[in-house]
Structure formats: structure tokens, C-alpha cells
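Chains as they are written, first to last, in my numbering: chain L, 1 to 545; chain U, 1001 to 1545.
Since the hints were made in silico from the structure, they are not lab data.
Any given hint could be a false lead.
Claimed, not checked - Distance windows between CB atoms, simulated: (1) U:K1245 with L:D468: 43 to 53 Å; (2) U:T1501 with L:S197: 17 to 27 Å; (3) U:P1016 with L:G190: 22 to 32 Å; (4) U:K1465 with L:Y157: 51 to 61 Å; (5) U:P1462 with L:V373: 33 to 43 Å; (6) L:V262 with U:E1155: 52 to 62 Å; (7) L:P88 with U:H1258: 38 to 48 Å; (8) U:I1023 with L:T501: 27 to 37 Å; (9) U:Y1157 with L:V262: 54 to 64 Å; (10) L:Q135 with U:Y1157: 33 to 43 Å; (11) L:D468 with U:H1363: 15 to 25 Å.
The C-beta atom is built at its ideal place from N, Cα and C for all residues, glycine as well.
2 protein chains.
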Amino acid sequence: MKIGIAQINSVVGDFPGNAKRLIAAYRECIDQGAELVISPELSLVGYPPRDLVFKSSFVPKCLQALDYLAGEIREIPILVGYVDHHHPRQPGKPFRNAAAWLENGSVRHRIWKTLLPTYDVFDERRYFEPSATCQPIEWNGKRIGITICEDIWTEEYLDRPLYDRDPIKELSEKGIDMILNLSASPFHLGKPQLRRSMIGAVAHKHHIPVVYCNAIGGQDQLIFDGHSLVVGANGRINEQFPGFKEACKVINPFQTKHEEAVLDDCDPSQLYHALVLGLRDYAQKSGFSSACLGLSGGIDSALTAAIAADALGPENIHGLTMPSPYSSRGSVEDSFALAKNLGIRCDEVSIRAPFESIKKTMHSLFEGKPEDVTEENMQARIRGLLLMALSNKDNHLLLTTGNKSELAVGYCTIYGDMCGGLAVISDLPKTRVYEVSRWLNREREIIPWNTIDKAPSAELRPNQKDQDTLPPYDTLDAILELYVEHHLSTDEIIARGSDETIVRWIQRRVDLNEWKRHQAAPGLRVTTKAFGIGRRMPIVQRFSS
Amino acid sequence: MKIGIAQINSVVGDFPGNAKRLIAAYRECIDQGAELVISPELSLVGYPPRDLVFKSSFVPKCLQALDYLAGEIREIPILVGYVDHHHPRQPGKPFRNAAAWLENGSVRHRIWKTLLPTYDVFDERRYFEPSATCQPIEWNGKRIGITICEDIWTEEYLDRPLYDRDPIKELSEKGIDMILNLSASPFHLGKPQLRRSMIGAVAHKHHIPVVYCNAIGGQDQLIFDGHSLVVGANGRINEQFPGFKEACKVINPFQTKHEEAVLDDCDPSQLYHALVLGLRDYAQKSGFSSACLGLSGGIDSALTAAIAADALGPENIHGLTMPSPYSSRGSVEDSFALAKNLGIRCDEVSIRAPFESIKKTMHSLFEGKPEDVTEENMQARIRGLLLMALSNKDNHLLLTTGNKSELAVGYCTIYGDMCGGLAVISDLPKTRVYEVSRWLNREREIIPWNTIDKAPSAELRPNQKDQDTLPPYDTLDAILELYVEHHLSTDEIIARGSDETIVRWIQRRVDLNEWKRHQAAPGLRVTTKAFGIGRRMPIVQRFSS
Chain L
1 MKIGIAQINS VVGDFPGNAK RLIAAYRECI DQGAELVISP ELSLVGYPPR DLVFKSSFVP
61 KCLQALDYLA GEIREIPILV GYVDHHHPRQ PGKPFRNAAA WLENGSVRHR IWKTLLPTYD
121 VFDERRYFEP SATCQPIEWN GKRIGITICE DIWTEEYLDR PLYDRDPIKE LSEKGIDMIL
181 NLSASPFHLG KPQLRRSMIG AVAHKHHIPV VYCNAIGGQD QLIFDGHSLV VGANGRINEQ
241 FPGFKEACKV INPFQTKHEE AVLDDCDPSQ LYHALVLGLR DYAQKSGFSS ACLGLSGGID
301 SALTAAIAAD ALGPENIHGL TMPSPYSSRG SVEDSFALAK NLGIRCDEVS IRAPFESIKK
361 TMHSLFEGKP EDVTEENMQA RIRGLLLMAL SNKDNHLLLT TGNKSELAVG YCTIYGDMCG
421 GLAVISDLPK TRVYEVSRWL NREREIIPWN TIDKAPSAEL RPNQKDQDTL PPYDTLDAIL
481 ELYVEHHLST DEIIARGSDE TIVRWIQRRV DLNEWKRHQA APGLRVTTKA FGIGRRMPIV
541 QRFSS
Chain U
1001 MKIGIAQINS VVGDFPGNAK RLIAAYRECI DQGAELVISP ELSLVGYPPR DLVFKSSFVP
1061 KCLQALDYLA GEIREIPILV GYVDHHHPRQ PGKPFRNAAA WLENGSVRHR IWKTLLPTYD
1121 VFDERRYFEP SATCQPIEWN GKRIGITICE DIWTEEYLDR PLYDRDPIKE LSEKGIDMIL
1181 NLSASPFHLG KPQLRRSMIG AVAHKHHIPV VYCNAIGGQD QLIFDGHSLV VGANGRINEQ
1241 FPGFKEACKV INPFQTKHEE AVLDDCDPSQ LYHALVLGLR DYAQKSGFSS ACLGLSGGID
1301 SALTAAIAAD ALGPENIHGL TMPSPYSSRG SVEDSFALAK NLGIRCDEVS IRAPFESIKK
1361 TMHSLFEGKP EDVTEENMQA RIRGLLLMAL SNKDNHLLLT TGNKSELAVG YCTIYGDMCG
1421 GLAVISDLPK TRVYEVSRWL NREREIIPWN TIDKAPSAEL RPNQKDQDTL PPYDTLDAIL
1481 ELYVEHHLST DEIIARGSDE TIVRWIQRRV DLNEWKRHQA APGLRVTTKA FGIGRRMPIV
1541 QRFSS
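Work the whole structure out from these sequences, hints included.
Written out as C-alpha cells, the structure is:
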């Protein structure tokens, strides 16, 4: 049995475009000898469509596209993901997260998702009604269990037992020879390994092969990494699809291999390729072919520029270095060195004159009051203003360059360095920014070593260093991981050996800066808990622990 | 039977403060002769706590506070809302939305919410597991059905049949003499009337009285309006609590009245009082005692200033009028007239010099390119920068003044006039801004009539008028209501008689500006569908209809 896996990149809401992508992948798989083709979850729709599904014509147009697509399909079937209606008078949510088995010009089977994730970045119970039953499908003498994403995630791989249903068990009890899974499973560091382990365990437990087809592509904050899999009945990985790119390949799930297919990608490489894909898709899917950004001479803007140059082409990136009275000459030089290494354009404009003009404008109101963080923020906001002007004039996507550590504790200026349509590295803790930058320089200098080696500084007052305000980054990041990603209380973190003053300072800063993050640009998610749609904190609140 | 209704204003996560509020209200009700006291949904926690519940110490501290509170309660019972654990090894979500019956120093009953809204602004299936059964509670010879918020919302009052459970029916079949409901039901225009009708119908259908206790207070984008109710067994409203303020009152639900209690509040009055409460609570609950804002001489900033002066006291409001080369002298004069009427401070600073300085800074990059929207945005962003400087220097909450119509079509500048911690009137369509402003002037001029009567203008280029770019506001608002609030397609809106070109222009503008709204300040919600947490659209998407 030859199954074609179409690891494709759909665009949310683009029914005609997604239908075309599906047909092209279908034909490619047939050319490779496929007898059945599988595509990702909601492949016709893009994942996640979010509240678009409530638009009165969204699901009708989706069903039209499904009919059109079915018309293009001959005797070799394809499984595509789409959104179906739930019965209008039966209680429950209005829609189904569905898969259609298309064959000979029509929809032969409809399968509905049973387990609907409603945690982290997922909101499926907002839209979808779960399937009441799980039924194997007979085809060519085999009984196939068709599942959609979460349906295959077993209890041991979730934070707690979430569901009172187990689709794999239900299917298995009815007798199946194989499991197919249509997924749109977003990336975070460690997720590809986790999926291999989880799907391997499912195959091994039930002694049947599993074909797992995952989406790829960036969608707002989410990055779908592909890494589709075929696991043999012995639980061993027979096929490991590449990450972060489209791929079509035909495999026989019943043909077991001796050697396990490996996932040969280290952490910084995965992070880098995830961010390149996330940025490229954010820009291109929303119609931008170029980007601009501020270059400070620091490591955050340098890494962001490197990712942007890779994603959109160096000729499409415009950097601005905007020295203030407090900037070192080295920062400007480092920016130009970076631009040269990357082959991107860089211009220098001084913010000295606007800064003086703005201070003068506010002079009568501020008379007698000492300079403070107000004047630091002014500089960052003038830079944001200049970058937005460049973005407006030349239709660039402005990239904001802040990292997760500074966004967490609010060591960033709203409407200043936070300006931009996309926050490329806002889910990378500073220590990871260094790690990825060093990895990027593994063969030759891309990010100037001087940028990597010097002490980080915002350069908003004379001789300022990040560590005047912040704890050392390895301390900060370790505490942030416990506080933000694992929701531990300050007492618990202190009990693990961290300094009480530092922990309480970080907790207060993270909580106080919720309002800034509320207005932050969407940031590409690469950890288990990014700021953004997966973390929904109230702004006004008085809990501290 | 005398029941005390404690319509109180809790603060999210403030367990000690909320416990104090509950005790004070409990004592006030006892002083009035209460035999049983009821408080709102999650009254000990504040609603909604959102992802705070995932913090490892949140629910433990909540349960500690509940124990403390129980210790303060003697023979007269009180019902309080709290978050409970779900059993760690039973499948489902980790928590319960719960009510505790406190009596004689301990928790005598625990009731769990059955219907968990997961639509619009609500995310309850993200956190909570529904109750499996609904059990009446016997007390003083009466059988009481205790329900939490959504539990009482009958199918006919929802968009579609959402649930396969009906808690009122389940309780009613077991025999009850009365229904109590603990609610945290947020305001939108028409909601108080809807609740009266819905709760009246429940009481009438089951021939039993209903005591409905709603929360009041602002919480981020949500405004809880109170308007608690007591409905007799005949379905008639016996008691109508006030809106938008705390109130404790003792009533006998079995004593029917001849005359129905009325809700004597017109639309603009409700909108105004909702926004005053929303702004006051946002500021005070997050520690701000003062606010600043830009005064343009236009109606949006004028109404925002009036609401702010009412909410925080005129002596705590600082307005800036910031004329540009394109500002009319009348705009500055209107701003000072407004400030005089309100008794707030107003200062004038010209943006002419910073505007020239910024244009000069970018001159080398923009040479040969004509002035365009870039230079318009520069002016708005300089104003945003000056306002943020004032906010930073004097620790004011900056209020942003945009209305819903302009936010919908993106007729506003990100990092410019969109700067601010709270968007006070961002859910008021422009036509409602006029309506509320006229209502505010019903006895004397508060908003200068000149501001109300002149043609609206952003004054970012010579002789600019809003209607050079936008359709007339009554046309725009009517189409926006159909498109944004009711999710109709352009074809459906055109079929109702609107101009096709205008409808398609609006649709395109609304969709294209999703990215701006993603970075907007939280806006106080007063319609059925505000931009913000109740409307979750992808930024990158290609659906248009």
C-alpha cells in the first residue's frame, strides 16, 4: 500500500489557493505512485481560521471549494481537512473540524475530530462540536482509523487527563490495520521529538503503523513545522519528513525498515529555521516583499536582520542605524559590518536633532523636573517614529527586534523599539539569542563577533549597560522559564535556590508589564509558552505569589 | 424569607480585598435583616481570572481565602463564588467555577457551574470542568436551586442551542421553590433588558421566584453592570437593582408586588455610565489616580475627557492640545473651551518644530518622493510621543480617544493617536459618540456645541475632512454593524440595499486593519461585538466575502 503524504503550506481563508495547492500535491503524489493521499488538518482552510468561521459565508464557501476539489479527484482518494456545519437544531457548537475522503468526484466519507484542544494557543471548543463516534473506514481490504491531530495525543503526553474519550482505543477495539492522522501541530522547541515519541508509542501499543501528516507554514504567531512521520507497527520511525518546508513523498507504512529514521537537527538550527519560515510566511502571505528594521549594533537586531535577509532576500531588507547622543561609535560600525556581512542596505540617521526639538517642545511642561526614564523613552520612540516613516514611505514590513527576556520584564519601550508588524525573536530568551547567533556564525562571521562579545546596552543614557537594571541574563532566563513557562510561584522558585530579591523583582516586573505586552506586535512562538494567544493574563489584577 | 443581595465590585486576584468586601456586604445585609446572603459569580476571585488560575499558587490561595472567609460567617449563610480544583486523576479540565454555601464557620455546600460559556469574550472550557449533576439545597423548609450565570440562560436567548444540559429543568424536576443565580454578566447595550426578559420568562415558566445577583465593576475590556434582579413567581420584576454601582439590599422573593420595577435608563445614559465605571476601575484598580489625553477640538477627545473628568475627578485630568501647521485656530479654542467646561487642565504645545526636525532627519532617505500619508502619520506619532512623555513624567494613565468606526476601517495611526493604556470609547460607533455627547449636554453645555456641530476632521493636511476619505458616518456605522457585529457578507449587506462600492471598500479596510487592532489598547466593551477579546480574527488571511 502506497500512501502519498502531502506536507503542504495552506493560507488561512484562501480556498481557491489551497485547493490548487492540494491538487498540485495530489498529482505529485500520484506521479510517485500513491494509491491514497493524505494532507494536513484543515488543509483546505488553513489552520486556525479562528473567528472567520463565524462569517456567514465562510463555511458555505469552504463547502463549495470542497465540492470543486472533489470534482478534480479520480479513483485515487485524497483526505483533506475542512470545516463542516454541525446540525443547526442539535445542541452544540455550530461547526465541525472535519476531514473528507474524496474519491471519484465526490465526498465518500466525512470524519469529524473527536478531541478538541481548548488550552494554550487552541480554542477549538469555541467553534467545534466533537464527533460522537469513531468509525474505521474500509478500503482495499484494509481497515483504516482516520484521526485528526489531538485525536492521537494520548493522555500521558498531555498535562493531565483532559478527555473522557480515547479515539485510538475506540478505533482499535473496532479493529484497524493502520492509523492516519491529519495534523496542524504547531512548533515549539522539543515538539518534533515529543511527537516522534508519542506516535511511536501509539504504533507500538496497538501494533499498527501510523501515518502522520503535519502542516507546515507560518500563521500569525504559530509556526507549523511539518516533520511528518511514518511509524511502523513496531513503533520505529520509518520515515521522517523534513521540517519547515513543503514535501510530498510516497511511502508504504507496512514496509518496516531496519534502521530508525533520525531527526538530525539541533536546537539552534530548529529555532533559526522556524523563525525564517515564520517571518517569510507572515510577510508573503500578507503581501509584503520587503522589510525594514532598526540596527542598534546589538545582538537582537543583528539576529533579526540575519533571519529577515534569509527569509526575504538581503536585497529586500533596509536597516537604519539611528545614533543618539549616548550611542557609541562602535554601535554604528557594528551595524554597518553586519549589513555588509548580510548584503543588506543600511543607512545612518541621527536622532539628535529630533530629540532636542522634542525636549524643547515639552520644556515648559517639564520645567524643574529632572531627566528620567521619560527622556530615555523619547529616544526609543523617535526611532520607532523614523522606522514607521520608512515603512510607510516604502511599504516595508517593520520588524521589531526585542527578545523574550526584555519583553517579560518590560525592558523595552512601548511605541518605541516595540514598533513593528511582527516581533521576530520575541519568544527567544536572551541566552537563546546568543546561542542561535553563535550557531549562525559556525562557518563564517555573519553576525559581527564584536556584537556577540560586547556587553549588551540600550545606550539610552551615558555608559548604560543592561546589567545595571537587569539580573545577569542566565539568571533572568532561568527564573523566567519557571515563572512564565511553568507558572511556578515566587516561593517555589526561591525554594529551588534562586535569590529572593531577584525572583520577587522579576515577578513584579512581569506582572506590571502585562499592559505593554497587550499592545505588542504578534511574536513568533518557539517555546512551550510564548507571550501572546497562548497566555491570556488579565491586565488589571492584584494577585501576586 | 429575607435574602440579602450583595452586588459588589471585586478585583481579580485580590483575595484579601475581596474577602473584606464580602464581609462588609454580608454585615450590611444582616443589618438590614437578611436570613441568607448571595454574592456574584467568582465574587472571591473577581471575574474573569483568565490564565491566572494556572499559576501554581492561585487556586490554593483562593481556597485559603475561602476558609478564612468561612471563619467569619455565623448562622446566617452566604453564597460566594470561587475557583475549586477538579479531581487531578479524573479526566477533564483542572478547575471548577464554583459557589460555596458558607455557614457557621465552614463550607456547607459546594455548587459547580454546569454550562460553561466558550464563545464571544468567554473562555470557560479553557479552565473549568462542568458539573455532572444539579442538586437542590434544602434550607429552612425551602428547596433552593443554586445556579451560576450561564446555567440560567435558556436556549431561546442564545444564538443557537449550545448545550445538551438544562440546569433549570434538572433542578425543577427535582422540585425547587426558588432559584438563586450568582452572575458576572458583562454589559453591552441592550443586555440589562435582555436579562429582565430572560429571567422573567424562567420564573414564569417554572412558577418560582428568581433572585439574580450580578457583579459590578470594570475588568480590562469588560464592564459588569450590576442591575441585579428579583423576579416573582409570576414572572414580574419585583426588584431592579441600580446599574454601574455597588448596592446591598434585602428582599423577600416570595412577596409579589403589584407594579413591575422599571429600568429607567436610556441608551446614552447607560453607555455613559458604563464607560465612566470602566475607566474609573481600569485606572484605580491598576493604581492610577490621574490621566492625560490629547485634545484635538474634535468630539472623540471631548467625550473621552468628559468621561475621564467624571471618573477620576477633573483635577486629575491633564489635556494637551497640540496644533500642527494644518490645525485650525478653532480646534485649539474648542479644546480650551472644553477644558473650562470640565474644569480640567489644558496646555498647548505646538508640534511644528518636531515635525520639521523629523522631516529633515528623513530628508536624505525620502528625497524625490512626494509627501503622502507618511507625513500625516508623523504628526499623529509626534503627538503620541509627547503624550507618552507627559504620561511617563507625571505618572498619568494616557487615554486614547478613537471611536469604533475609525478603528474598524483603520482611520487612525498606530503608535500615534492609538497610543494609550485604555481606549475609552473604542467600542462607540461615531454616531453613538454624537448621541452620547448630545445627551451629556442635555442640561448645560459640557462639550462645546461647536465641537458637536462642526464637520469632523483629522487636520493632518490642509482643509482635510473625515468625509474626504470615509463614507458618511451614518452609512459607515450601519454597514459596520452588519459586517462586524453580525458577520454578514458583503453580498448580503449589498442585498439589503447598501451601495456596493462603499460596502466593498469597508470590508477591505476592516480586514486589512486587523494588524493595527492587534496592537490596540484594550477598549471598553459596550456593544455585542467589540474589537478585542470577543473577536479573534487572524491577521494573515485571504478570505473575503
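Going through the hints against the structure:
1. Look at K1245 (chain U) against D468 (chain L): about 47 Å separates their beta carbons, and that is inside 43 to 53 Å.
2. For T1501 (chain U) and S197 (chain L), the Cβ-Cβ distance of about 56 Å falls outside the hinted range of 17 to 27 Å, so the restraint is violated.
3. The hinted window of 22 to 32 Å between P1016 (chain U) and G190 (chain L) is violated, with their beta carbons roughly 39 Å apart.
4. Evaluation of the 51 to 61 Å hint for K1465 (chain U) and Y157 (chain L) yields a pass: the beta carbon distance comes to about 60 Å.
5. For the hinted restraint 33 to 43 Å between P1462 (chain U) and V373 (chain L), the CB-CB distance of approximately 37 Å keeps it satisfied.
6. Separation of V262 (chain L) from E1155 (chain U) is about 54 Å and conforms to the stated range, judged on CB atoms against 52 to 62 Å.
7. A C-beta distance of roughly 42 Å is found between P88 (chain L) and H1258 (chain U), which places it inside the suggested range of 38 to 48 Å.
8. About 34 Å separates the C-beta atoms of I1023 (chain U) and T501 (chain L), a value consistent with the hinted range of 27 to 37 Å.
9. Restraint check, Y1157 (chain U) to V262 (chain L): a C-beta distance of roughly 57 Å satisfies the suggested window 54 to 64 Å.
10. Roughly 36 Å separates the CB atoms of Q135 (chain L) and Y1157 (chain U), a value that falls within the hinted 33 to 43 Å.
11. Take D468 (chain L) and H1363 (chain U): their Cβ atoms lie about 35 Å apart, and the range 15 to 25 Å is violated.
When the structure is compared with the earlier hints, violations turn up for hints 2, 3 and 11 and for no others.
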